[in-house]
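Given the coordinates of chain L, work out where chain B should sit on it, guided by the hints.
Chains as they are written, first to last, in the numbering used here: chain L, 1 to 186; chain B, 1 to 238.
It should be emphasised that the hints constitute simulated quantities derived from the structure, not laboratory data.
Please note that a few of the clues may not be correct.
When the alpha-carbon atoms are kept at most 25 angstroms apart in a straight line, the in silico SDA-like pairs for lysine to any residue are as follows [said to hold, decoys possible]:
(1) LYS142(L) <-> LEU15(B)
(2) LYS45(B) <-> LEU2(L)
(3) LYS46(L) <-> ARG119(B)
(4) LYS153(L) <-> LYS118(L)
(5) LYS98(L) <-> ILE219(B)
(6) LYS160(L) <-> ARG73(B)
(7) LYS91(L) <-> SER109(L)
(8) LYS91(L) <-> ILE219(B)
(9) LYS188(B) <-> SER109(L)
(10) LYS115(L) <-> THR129(L)
(11) LYS98(L) <-> LYS188(B)
Facing chain B, according to a computed beta carbon distance under 10 angstroms, are these residues of chain L, among others [what the hints assert, rightly or not]:
(12) LEU4
(13) MET81
(14) LYS91
(15) LYS98
(16) LEU101
(17) LEU125
(18) ALA134
Quick partial rundown of chain B residues pointing at chain L, CB under 8 angstroms, derived from the structure [to be verified]:
(19) CYS18
(20) PRO19
(21) VAL42
(22) CYS49
(23) PHE56
(24) PRO72
(25) PHE135
(26) ASN159
(27) LEU163
(28) THR192
(29) SER207
(30) LEU210
(31) ILE219
(32) ASN228
The beta carbon of each residue, even a glycine, is placed where N, CA and C say it ideally should be.
Here is how the chains run, residue by residue.
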Amino acid sequence: MLCLTAIGFNDENHDPKLAEFLRIALRHDPVNIGAISHGNMYSSSKEEVVDNAHGIVHAVFVKQDQVIDTLKDLEKAGLGMSVVVSGIFEKVDECLDKAGLKHHTANFSLGIWGKTEKLPGNDILEIHTMCGHAMISANLIKSMADEVKTGRKTADDAAKVLAPQCACGIFNPDRAAKLLTAMAKK
Amino acid sequence: MKIDPELCIVCEVCLPYCPMEAISVKDDMAVIDDDECVDCNVCLKSGCCPVDAFVFEEAPWPRSVRNVFSDPRKEHKGTKVAGRGTEEMKTNDVTGRFQRGWVGMGCEFGRPGIGTYFRDVDKVAQVLAKHGVEFEPKNPVTILMDDPKTGKINKDVLNEKVLSAIIECLYPIEKLEEIMNALKEVSKEIDTVFSCEVINRADPDGSYPLRKKLDAMGIPYYINGKQNVGLGRPVADV
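Next comes chain L alone, as it looks inside the complex (with noise of 0.2 angstroms):
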C-alpha cells in the first residue's frame, strides 16, 4: 500500500498525514514500512521512518483481513492524501468492497518487452522486482539462496539482507524468504 501527497494540489504540511498513514498501517502489523526519502523498517527502526516520513510512503501486508482494516481506518482518518493498493486485482477489489472502498483508476502491466534474452531467470525475477527501483541486484539474490542452500543462513535471515536494499520499504520479506527456500531446494 502507498500514500502519497499530489504535488501542487495537497502537498502543503503533508508530512505529519504521512506519519499518521504509517501510525495507521503499523497497528496491522505490516511486514514492512517505509519512505522512500528515508528507508525502511530493516535499514532504520519502524519509528524512524514514522519520523521521517515525506513524499511517498509505504506499508506491506501479507493477509486480506489487514489490507481491510487498514482501509477502513484510512477512510476514518481522512488524511486526504492519495493510497494506492498493489496486489492481484481481484483480491484487492475484494478488500475495497469489504472497506466500503471503489477503486477509481488501475495500472495494468504488459510484461517486459525488448531484449528480454538479457534478463535473468524468473526466480530470481520474482525477488528484484518486488523492489520497483531494482536496487536488489540479481547477483545478491543469487548469492543469498546459496547461503541458504549451504546452510550458512536461514531464509529469514537471507531475505533481511536483501530488505534494506529496497529504498522504499516495499519489499516483501516473507515471501522473499519463500523464495529463497523454494530456490535452495533446486
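Just chain B, lined up with the frame of chain L:
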C-alpha cells in the same frame, strides 16, 4: 562511484551488491567500470563495505543524469519527485491527469535489472512521437527531450547509462492498437528491456474500458497491478 584504493582491502563483499555488475577485482584491486556504473549508490548506501572505501562525487553534465535517474532517493529538480517518474496514476483522484477515454502509458527502460542507455529510450520516444502521443511534461525523460513533438532526446545524454528511465505519455483509447503495434516493432530494435504499463480511469460502474480493449485485442496483462482507491482530496473532476 569510486573505490578508494588506499582503503579497499579487496574482501570482495561488495561485488554482488552492484545491480550493474560494475565492480570487479583486477590486479588485486577492486575497481568500478565507469561505463557500466550508473551512480545508483547501492554499493555505498548498503553499508556492505567494512572499511567505507566507496566515494561518491557529483558528476558534471552529462554524466550527472546517471545519479538522478538511478538513485530513487534523489529528487528530480523538474518533478520534485524522488525516483525516475512522476506520481502518474497514484494521485489521479486528486490531479485528474488521466481522464475517461484516455490511456496513460509508461515504458520503463532498463527495468528489471538491465539498465539502459538513453539512445534506446530515444529510439522508442521518437516512434511514439510520430504516433501523436502526448508526453507527460513533468516527466524527467520529457525534460531531456529537445522537442516533445519529435521525442528526440538531447544528444549529450544518448550514451549515458542509467538504472532506469521512464517514458510517460497519454493518448486516446482509440489509438491503443496502433500504439501497441508501433511499440512491438520498435522493441525489436533496442538493446535493453522495458516494462510496459497502461493506465485507465474506471467507469462509474467500476469497469475499466482499457481492460475490455486489451482482452479484445488479445494483449495479455498481469493479474496484479496498482489501483488508486480514491481517498485523495480535493477530489478531481475526472
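Legend entry - Interface hint outcome for LYS91(L) [beta carbon to chain B under 10 angstroms]: holds, 9 angstroms
Legend entry - Minimum beta-carbon distance criterion (8 angstroms), THR192(B) to chain L: holds, 6 angstroms
Inset, instruction - Hold the hint about ASN228(B) up to the distance rule: shortest CB distance to chain L must be less than 8 angstroms. - result: Because about 4 angstroms separates ASN228(B) from the closest Cβ in chain L, which is inside the 8 angstroms limit, the hint holds.
Inset, instruction - Below or equal to 25 angstroms on CA atoms is what counts here, so check LYS46(L) against ARG119(B). - result: Violated: LYS46(L) and ARG119(B) sit about 41 angstroms apart, past 25 angstroms.
Inset, instruction - Closer than 8 angstroms between Cβ atoms is the bar; does LEU163(B) clear it against chain L? Give me holds or violated. - result: Result: holds, 6 angstroms to nearest chain L Cβ.
Inset, instruction - Under 8 angstroms, Cβ to Cβ, is where ASN159(B) needs to be relative to chain L, so tell me if that hint holds or is violated. - result: violated, 18 angstroms
Inset, instruction - Please work out if LYS45(B) and LEU2(L) have their alpha carbons no farther apart than 25 angstroms. - result: Holds - the C-alpha atoms of LEU2(L) and LYS45(B) are around 23 angstroms apart, at most 25 angstroms.
Legend entry - Residue hint LEU4(L), partner chain B, criterion CB-CB below 10 angstroms: This hint holds: LEU4(L) lies near chain B, its Cβ roughly 6 angstroms from the closest one there, short of 10 angstroms.
Legend entry - Status of the LEU210(B) interface restraint (C-beta, 8 angstroms, chain L): At about 7 angstroms, which falls below the 8 angstroms cut-off, the nearest Cβ of chain L leaves the hint on LEU210(B) intact, so it holds.
Legend entry - Distance restraint between LYS153(L) and LYS118(L), which requires alpha-carbon spacing of 25 angstroms or less: violated, 29 angstroms
Legend entry - Agreement of hint ALA134(L) with chain B interface, Cβ distance less than 10 angstroms: holds, 5 angstroms
Legend entry - Hint validity - CYS18(B) Cβ closer than 8 angstroms to any chain L Cβ: Holds. Min distance 6 angstroms.
Going down the numbered hints, you'll see the structure goes against 3, 4, 5, 11, 15, 22, 23, 25, 26 and 29, while the others check out.
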